[in-house]
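**Student:** Spelled out from the first residue to the last, the chains are:
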Amino acid sequence: MKSVDSEKSYSLGKFQERRFLVSRYDIKKLLSVILIIIPYIIFNIFTKGRFMESSNILSILVHAVVPAFVAWGFCFIFTSGIMDLSIGAIMILACIVSGILAIKIGYFGLILGGILVSFALEYINLKCMIKTKIPSWVFGLGMAMIYEGIGALYGASQLKLGKQVVSLGVTARKLGSIPWIIIVLALGLIMAYIIFNRTSIGFDIRAVGSNREVAKMMGVDVTKAIIRGGLVGSVFIGLASAINESYAGRVMPTTGLNSIALIFIPLAVYLLAQAFEQIFNLTVAVIISSVIVESLFNILTILGVPSGTWQQVAVGACVIVCGVLAQRHYKGVVK
Amino acid sequence: MTNEYIFRAEKLNKFFGPTHANNDVSISIQKGEIRGLIGENGSGKSTLISLISGIIQKDSGMMFLDGEPYEPKTPLDAFNHKIGTVVQELGLVDGLPIGVNIFLGRLDMFNKNGVIDLQGLYKAASEHLSYWNLGKFPVQNLASTLSVEEKKMVELARALSVNPNFLILDEITTAISLNNRKLLYSIIEQFKKQGKSVLLITHDLEEIIKITDNITIMRDGVVVDTRKSCELTPDILKRLMVGRELSGSYYRNDWEDQYEDDVVLSVCDLTVEEHFEDVSFDLHKGEILGICGLSDAGIHELGETIFGVIKPQKGSIYFISSNEKIKVKNSIHARKLGIGYVPKDRDKQALMINDSVENNICLPSIEILQGPFGYIRPAKMRKLSSKVVNDFEIKAKSISQYIRGLSGGNKQKINFARWMNEKVRILIMDCPTRGVDVGVKAYIYSVMNEAKKQGLSIIMISDELPELIGMCDRLLVMKEGKVVKTFYRSSGFTEESIMEVMM
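Line order of the protein sequences matches chains A and B.
Under numbering that gives the first Met the number 0, the first sequence has 198 at position 199, and the numbering climbs by one with no breaks.
Under numbering that gives the first Met the number 0, the second sequence has 87 at position 88, and the numbering climbs by one with no breaks.
Isolated chain A (complex conformation):
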């Protein structure tokens, strides 16, 4: 038990004990890393060494980049309580504009197009959500259909002209390939880490997400915090779109809310990162989670599981499992 030497030492005594938790925390961190690595070794044995071949690991890393950027975007948008389901549709439009500008002005256009579209549309979303006070997920669904519609109209107009949806061909493809994609990932991590943990934008958004009323009482401008955080998030979404366009070369418009499927894997990544939050910083946990989730699909592919069937089951299961893990430190509460 604690020793009480003076009137004020109770706090010190308690926290001196808590300091032991720091070493426990390090052990927890180490154990987590081991627990992550062990399945990799097992799967590697299971796939006769194919899983951990350097080329395969690199492929996993490349596939993890876009979900990681989108999940960083979620860190700034979802953390404040805004569940914007139109992000997938925004990404499709951002990819298209990104592609059009890339063909005209190269890499600058590729990045600028993605960021501008994402920034503008997310700004409209946030302003309208705050103004109308409609639940964000309802508003997001509505806007997703509108943005999908705009994309479909563009696709149809291209067809009328006897053309196809913009395709990059060989233009501006380096951003989506090694080594640039990994460099961009590292830069993204630095940017996300600093903004989330070392700026008033990050602190305000975390305060609003933790307890809106208390944050307001403490002098945080809640509306401003949500918009500023959302716009930072939109930059990450825009960058994800640009990288995706560069990697895939072409992104086709969708309808019938199929755009939501685009954000399912990033959502699983974000939820899993939340589960890791007590061990790793959320922005770092996003990369770890993204690699884990992409590894899962990689294994399924290596094992010959057809995409669109069992892999879809795996996506759904993955989101649920990650959600369950993310809720574990919230006692009895459905967030």
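Accuracy of the hints is not assured; some may be wrong.
As a list, the in silico DSS-like pairs of lysine-lysine whose alpha-carbon atoms are at most 27 Å apart [as the list claims (entries may be wrong)]: (1) K396(B) to K335(B); (2) K72(B) to K132(A); (3) K223(A) to K111(B); (4) K126(A) to K72(B); (5) K10(B) to K111(B); (6) K310(B) to K27(A); (7) K310(B) to K191(B); (8) K379(B) to K335(B); (9) K347(B) to K132(A); (10) K191(B) to K27(A); (11) K130(A) to K379(B); (12) K173(A) to K162(A); (13) K223(A) to K81(B); (14) K313(B) to K27(A); (15) K111(B) to K122(B); (16) K132(A) to K396(B); (17) K150(B) to K310(B); (18) K379(B) to K310(B); (19) K81(B) to K192(B); (20) K162(A) to K103(A); (21) K422(B) to K223(A); (22) K310(B) to K28(A).
For the record, the hints were derived by calculation from the structure and aren't laboratory data.
Only a predicted model underlies this, so the values are computations on that prediction, with no experimental measurement involved.
Let chain A serve as the given structure and place chain B on it in line with the hints.
**Tutor:** Frame of chain A, contents of chain B only:
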């Protein structure tokens, strides 16, 4: 010419729908004055300080700060005018570090090229805490790691961080233990010496008379009087607050251990690491057993453990009925056995703040209310909740009003009343009169007395020695997680003898 008043308000009005929360409120506070503000729950005290602190905006009237017109639009505005406030209900942002909480809303102070200098911030937070002698906190840890009392101390540090000329403290003393109260009084004294002012809201009448210069009394949104503290007695204050005579003491007036021999609860060698160890006692039928101790004695955690919220590392809790000894497994099991719990932190542990008064009252009584196939008739729920609202004089627009819109005292009435409604056999009450005015206190004590006579056994955990002395048959004093002494009502309790053991 210098202005003798730090703050003046003239004919302030604030409406919440049909409720006139502040009705032509005028108040003037001099520089170097310690002013008390007192009134029943729902009398408009919290509304007034919310107006001064920029949490809400007035509908009409004028405010002046140091002679200049003052109209804060946000709490940050009030901070910038050197007004520091600790409010009753809202606490800290759990998801942010303690140090960041102290400066939240003003983080730009630590901005270096767009990036917050966290090391500088944590250093400033630590220096600030030690300057005011508020304790050593690991400022980089999340605020969620703190207890209710530790959070209050950090909230106080936050209010002091603006170097305020005017400090507003709303019901802070009920959340902190005796050692920290002494510290608070010394801070208030320091303020007075420096010519700064304090507005203190508390329901502890003795305390407010002792430490303030003048006391303003509010009733039904109106300032009814301002008197010199030295001319007041608790009885006069009670009368001024409720507008009628409240006779003498509201505690028990007998000095006997009045309970039956039957043991209803047996706690054996209970240990929860970091909080308490080897705690053993028996609770008898019709007994009020008090538990007290300083901030880190583990008294609140003991209450949670007995109800099954915290799982002990060692020891057992037995519920004894008709000589049958049943081990209490968890809180659900405890509830089924007829054990109730009124937690200290009503907003986080007791009430569904985003739900109606009706649902909150009926929740512990679902098993009684439900009919065949689990169907609960709405009429039954309405009847029960209306009865509780009337019996306990809960000030709510209707039973469908959301809990979050009620004053702290009315929330506490519901927190307590809903257990009295159900036929519980053992009730664990943690700080049952926290944030409650004298009228409600008197009512809660009378209900406790009545329930005791009918055989209810009560474990009363409290930081308030007078209420423990006034109500308990037996009092366990805890220190550093251990029960160090048991006092009996028949042997006589004195505050001094208890304090001697606690310190």
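**Student:** Which of the numbered hints are not met once you compare them with the structure shown?
**Tutor:** Result: hints 1, 5, 7, 10, 11, 18, 21 break, sorted rising.
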